[in-house]
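A.B. asks: Each chain is listed here by its residues.
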Amino acid sequence: MSFIHKFLNFKLYSEVTVSDILLSILILFISTILIKAINLNLRRFLKDKLEKQELSLIEKVVSYTILGIAIISILPMLGINISGILVAGGIAGIALGFASQKVVSNLLSGVFLMIERPIRIGQQLDVEGIRGFVEDINVISTIIRTYDGLYVRVPNEKVFTSSITNFVAHVVRRFEYTVGIRYSDDAEKALRIIKSLIEENPFALKNPEPQVFVDNLGDNAVEIKVRIWAPVQVWYSVKMELLWKIKKTLEENGIEIPFPQRVLWFANDVKIKKNK
Amino acid sequence: MFFGIYKPPLEIKKENISIKVEKKDKAFLYKRGKNGERREKFILFDDFEIHINPVEPLNTPQEISPYLFINFSKSLLIGPKKREKIYIKFPIEIAVFIKGKGDVEVIDIFSLIKNKFTLYGDIRSGVVCKYYESEVYKEVPDVNNLLEGVIELTLQNQTKEWVEVNKVVFNAYLMKIYYNENLVSCISKMAIKSKVLAETSFVDKPLQKNMKKSLELFVSRRLPIIPSEFTMEWGL
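From first to last, the protein sequence lines stand for chains A and B.
Under the working numbering, the first residue of the first sequence is numbered 1, with each subsequent residue one higher.
Under the working numbering, the first residue of the second sequence is numbered 1, with each subsequent residue one higher.
Please keep in mind that the hints were generated in silico from the structure rather than gathered at the bench.
From the three backbone atoms N, C-alpha and C, an ideal C-beta is built for every residue, glycine too.
Errors might be hidden in some of the hints.
Just some of the chain A residues that point at chain B, by a computed CB distance under 7 Å [unchecked claim]:
1. V168
2. H170
3. V171
4. P202
5. N207
6. P231
7. Q233
Please model the entire structure based on the sequences and the hints provided.
C.D. replies: Here it is as structure tokens:
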């Protein structure tokens, strides 16, 4: 017993004994287990109630708070004077603040992004020409997976100060086509065919009503404008599917999409030479 | 009777639908045909039941919304403080469930009805709904129960004004569907709070005697708890 007692009270440096070191390790160990247990339960109970982004933020706050308390409580055991650290930390903080304005700016932008929430994880957006899915919104950067599968890290300051186009912020969106038909074709028949194709498609919404109308009498074609609203989850597949169906069905009904053409009038008769 | 509980092997044919569960290569093979469309799945379990039930019309062609919008062919005018019972048709989907030792799983969902979606409300805050159009009846109408069911809707005008009703929107996750040989049905309520606001909900009771309750998809999928009524806040 006296050996263990002596070992535990053995001074490693200044007044810090082996028992202080062991206790510090124990506190860190317990705090790590506590963080894991709390986060696991948070995930279990809040997974269905909160979004991934909010849950991740709560987990980070909980983890850093517990870890911070643990570190502050073990520092005196390790012979480190907290008041000295706080003063040194304050001075270092000012110096670091000047040196890391961009980082702080990104950090604050991240906080404002989380408060204002113009974008959420999983949504599709365009920021400064970068288009894709929001994979993660971190404290200083936002991760975007572009449509062609690239990983793009955008600093939060850039996201916050740029104009953001969120493609899926609303439950529905509109897309449009311009379908050109020949002047010799029956435009009313073409309108009827396009309207019936839209009616047949389940995702082309009944309301807001689709619009199909002759928009322009162009150089080479009568231009029909087609505007359709669809749920954001499926709008692109509807857009692709319907355009091809319109083209095919119009052709099946003898209505063709014309090539650009010019009618030339010659002043004199043109002699056509035929090669044998 | 098409809907019900079956022990494999089984073979059912009705109208354009065929469902077959047969033993093949020491496993069971589930086959379903519908208007030329086919689906096949292997079932690696011996002791199971097949439940064929009408379910909430939210799953085909793709599940994108929990809401069902039924547009009335003719609008209704309901007097002040009046309570009135009407019947409307709703589209049904057919689900095939597999039930082993306690657990229930959906293996197939299909529909013979043409699907259409609509937006209820404005673009900024409205909701996408499955769309269906129905006549309004004062008696239970005749329906083909492979295609349509009947909703008994009790309209309760809680205002002191005449109110015009053109549609009803439900949260179809809350539907309590019952069926028998001839009818698929559910009972619902619409509490009219103003000319533009109403609350809709379902009642967990059969419309006729000797009706069986359908398995609820949102229970078998363990969806999180949802409110028990839907507020129609963008017009009636």
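A.B. asks: Could you tell me which of the numbered hints above are not met by this structure, giving the numbers in increasing order?
C.D. replies: The structure conflicts with hint 1 only, although it agrees with all the remaining ones.
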